[in-house]
Amino acid sequence: MSLPKVKQDATDARLSALTLPAGGWADPARKDALSRVQAMGLPNARDEYWKYTRPDTLVSAEVQDAPAIEAHEAPIFGERDRLQVVFVDGVFDAEASDDLAMEGVTIERLADAPDIHWAKDVYGVLETRGQTPVHRPLAALNTAFATDGLLIHVTGKAPKPIHINYVHKGAQSDAILHHVVKVESDCQLTILENGPAAARFNKVIEADIADTGTLHHVRAQGRDHDRRAVTHIFARLGSESTFKTFTLTVNGVLTRNEAVVEFTGDDAKAHIAGACLGDGSFHHDDTVFVTHDAVNCESRQVFKKVLRNGAVGVFQGKILVKPDAQKTDGYQISQSLLLDEDSQFLAKPELEIYADDVACSHGSTSGAIDEDSLFYLRARGVPRGLAEDMMTVAFIAEAVQEIDDESLQDELNERVTAWLARRRT
Amino acid sequence: MLEIKNLHVKLQEEDKQILKGVDLTVEAGKVHAIMGPNGSGKSTLSYVLSGRDGYEVTDGSATLMGEDILDMEVEDRAAAGLFLAFQYPVEIPGVGNMTFLRTAVNAQRKARGEDEMSAAEFLKVIREKAKSLQIDAEMLKRPVNVGFSGGEKKRNEILQMAMLEPKMCILDETDSGLDVDAMKLVSEGVNALRNEGRSFLVITHYQRLLDHIKPDVVHIMANGRIIKTGGPELALEVEHNGYADLMAEEA
Chain A
1 MSLPKVKQDA
11 TDARLSALTL
21 PAGGWADPAR
31 KDALSRVQAM
41 GLPNARDEYW
51 KYTRPDTLVS
61 AEVQDAPAIE
71 AHEAPIFGER
81 DRLQVVFVDG
91 VFDAEASDDL
101 AMEGVTIERL
111 ADAPDIHWAK
121 DVYGVLETRG
131 QTPVHRPLAA
141 LNTAFATDGL
151 LIHVTGKAPK
161 PIHINYVHKG
171 AQSDAILHHV
181 VKVESDCQLT
191 ILENGPAAAR
201 FNKVIEADIA
211 DTGTLHHVRA
221 QGRDHDRRAV
231 THIFARLGSE
241 STFKTFTLTV
251 NGVLTRNEAV
261 VEFTGDDAKA
271 HIAGACLGDG
281 SFHHDDTVFV
291 THDAVNCESR
301 QVFKKVLRNG
311 AVGVFQGKIL
321 VKPDAQKTDG
331 YQISQSLLLD
341 EDSQFLAKPE
351 LEIYADDVAC
361 SHGSTSGAID
371 EDSLFYLRAR
381 GVPRGLAEDM
391 MTVAFIAEAV
401 QEIDDESLQD
411 ELNERVTAWL
421 ARRRT
Chain B
1 MLEIKNLHVK
11 LQEEDKQILK
21 GVDLTVEAGK
31 VHAIMGPNGS
41 GKSTLSYVLS
51 GRDGYEVTDG
61 SATLMGEDIL
71 DMEVEDRAAA
81 GLFLAFQYPV
91 EIPGVGNMTF
101 LRTAVNAQRK
111 ARGEDEMSAA
121 EFLKVIREKA
131 KSLQIDAEML
141 KRPVNVGFSG
151 GEKKRNEILQ
161 MAMLEPKMCI
171 LDETDSGLDV
181 DAMKLVSEGV
191 NALRNEGRSF
201 LVITHYQRLL
211 DHIKPDVVHI
221 MANGRIIKTG
231 GPELALEVEH
241 NGYADLMAEE
251 A
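Note that the protein sequences, when read in sequence, are chains A and B.
The first sequence begins at 1 in full-length UniProt numbering and counts up by one.
The second sequence begins at 1 in full-length UniProt numbering and counts up by one.
Don't read these hints as lab results, they were simulated from the structure.
It is possible that some hints are incorrect.
For the chain B half of the interface with chain A, some residues (derived, Cβ under 7 Å), not all of them [what the hints assert, rightly or not]:
(1) 72
(2) 92
(3) 107
(4) 140
The model shown is predicted, which means the values in this text are computed figures rather than measured ones.
From the three backbone atoms N, C-alpha and C, an ideal C-beta is built for every residue, glycine too.
Full structure from sequences and hints, please.
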């Protein structure tokens with residue numbers, strides 16, 4: 001089947017600007033991914049899955065200018081005991097990174113790893129599974145062309161989190177990174193990510209969590225306003241495993257975060273949550289696809305968006321329950337706080353259920369700040385601006401609470417408060 | 001302290017006149033009570049004084065210690081010393097009670113050009129005051145009024161009053177939804193705050209509350225005006241005879 005000409009041309013233009021990294025264990029996966037991209041074509045505005053978010057600047061051969069701004073606050077997570085790995089515009093920074101060594105975890109780099117047998121079973125594999133029933137061509141593009149990334153094999157209980165710190169310097173940097181995480185049975189890891197990464201950033205994480213394994217993922221995307229990003233997390237969950245991911249996004253002219261979660265073992269749990277604050281030319285898209293293909297699994301999607309001055313928030317969330325996935329507990333809520341009439345929230349919640357003994361619910365709301373609460377706070381002497389901020393932080397906090405670690409909750413809430421305060425004065 | 005002259009107020013949306021010339025002066029250190037039947041305009045008076053949206057002052061004035069409050073922002077009225085204890089305290093999920101109160105105390109101090117209260121000092125003071133109102137540490141930590149019983153909400157209002165140390169306190173049907181014990185506790189909290197520099201305006205349907213918070217002056221409000229003013233005995237008269245007689249007298 002051939003692609004429509006417009007799509008074919010756009011895909012060719014993008015592919016011709018990229019070079020397939022040669023050789024190594026990932027070679028077959030890359031070549032396979034390339035042929036899948038060629039078959040699917042890169043997304044354009046006519047694709048149903050991109051109805052609310054224009055993909056053109058994510059797909060184009062050229063990168064839109066996005067100057068890195070002067071930092072006004074220290075990077076988040078910086079005060080924690082963690083193993084830090086730094087990428088500058090997508091390039092590994094050995095100087096700034098810690099030794100890639102930690103008890104219970106093996107960390108290697110995609111760019112220089114020798115033949116890694118375990119990673120072969122994951123790299124491009126979960127991404128490929130995630131292409132059905134909906135195409136995600138930008139993830140396949142990533143598998144083909146990723147220049148680097150971390151290969152994290154978790155074989156114990158990691159004593160501290162791995163913190164991937166993405167630094168953005170070049171105004172036209174175009175980074176493609178691909179991380180693979182494999183969590184063995186009874187093993188556990190927390191991954192922290194932060195930073196704007198590049199002028200344009202395409203990132204994939206594939207996380208394969210074995211029976212009774214646990215992976216926590218907390219990410220903060222912030223800073224440079226003009227940056228663009230498309231990210232995918234593909235997670236496969238074994239029996240009694242746990243996967244929890246949370247993303248806080250502030251600023252960013254275009255961000256699309258996709259989470260594709262598949263339950264393959266019984267009694268597992270996945271929480272996918274996020275909060276964003278957008279001001280002005282901000283477009284943020286959370287696209288989530290959860291597939292229940294095992295018994296008695298629990299999935300939770302909790303997304304909150306604060307939008308003002310014409311900012312746009314998108315939520316596309318789907319729960320697919322396959323015929324044998326009895327006792328599924330699926331929950332989904334997406335809410336927006338619209339601080340003015342220029343802002344927009346577009347939500348597309350979907351349930352597709354083929355099993356008959358399940359509990360699934362979804363909800364989506366949009367609203368302004370509650371006037372009664374605002375009056376109550378002001379009547380106690382809290383000025384309007386501060387009262388609005390308190391209400392906004394409270395709204396976001398309900399999503400932040402999805403993170404297990406309270407100190408991480410506090411740190412993210414502080415960032416939200418600071419972001420709001422900077423915009424008030 | 002509080003001087004209200006010929007106050008006329010209508011509902012913005014319905015073009016309906018609610019207050020039709022209220023005159024009321026509350027002297028420093030005094031407790032005034034306003035009683036009246038449903039729909040007489042009691043709660044409207046409390047909302048207009050505290051600055052709630054939806055009301056339009058068509059005539060008259062209201063001053064707090066000589067300052068016109070009707071043109072002030074809601075938060076500025078609070079900083080100037082006005083406090084409204086809500087009939088229905090609002091639940092605010094996600095905002096911790098303690099955080100809320102410390103923010104309020106310090107915002108008022110800042111507005112008045114005073115030093116902010118340190119976290120340690122605040123903690124010390126609030127613990128002490130909460131204890132006398134039987135508010136435990138758990139209630140202080142919880143989100144504002146969320147999951148509080150009716151009595152807990154009203155006690156929380158009085159705690160806020162105690163922390164903010166206002167000059168002019170308006171209690172809007174603070175007795176509603178309270179059992180006898182809770183009413184006693186709340187009243188004790190209010191009485192503990194009575195002093196020469198602080199005035200109270202207690203709005204209530206029933207005389208019962210005034211057994212606990214003894215007023216200096218009692219006003220009867222009906223149909224948007226104060227129709228009778230007297231001593232505490234006026235409240236007893238209402239208790240025995242209802243409002244009908246007084247309203248008939250007025251007519």
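Review point. Can you give the numbers of the hints that this structure goes against, from lowest to highest?
Key: 1 and 4
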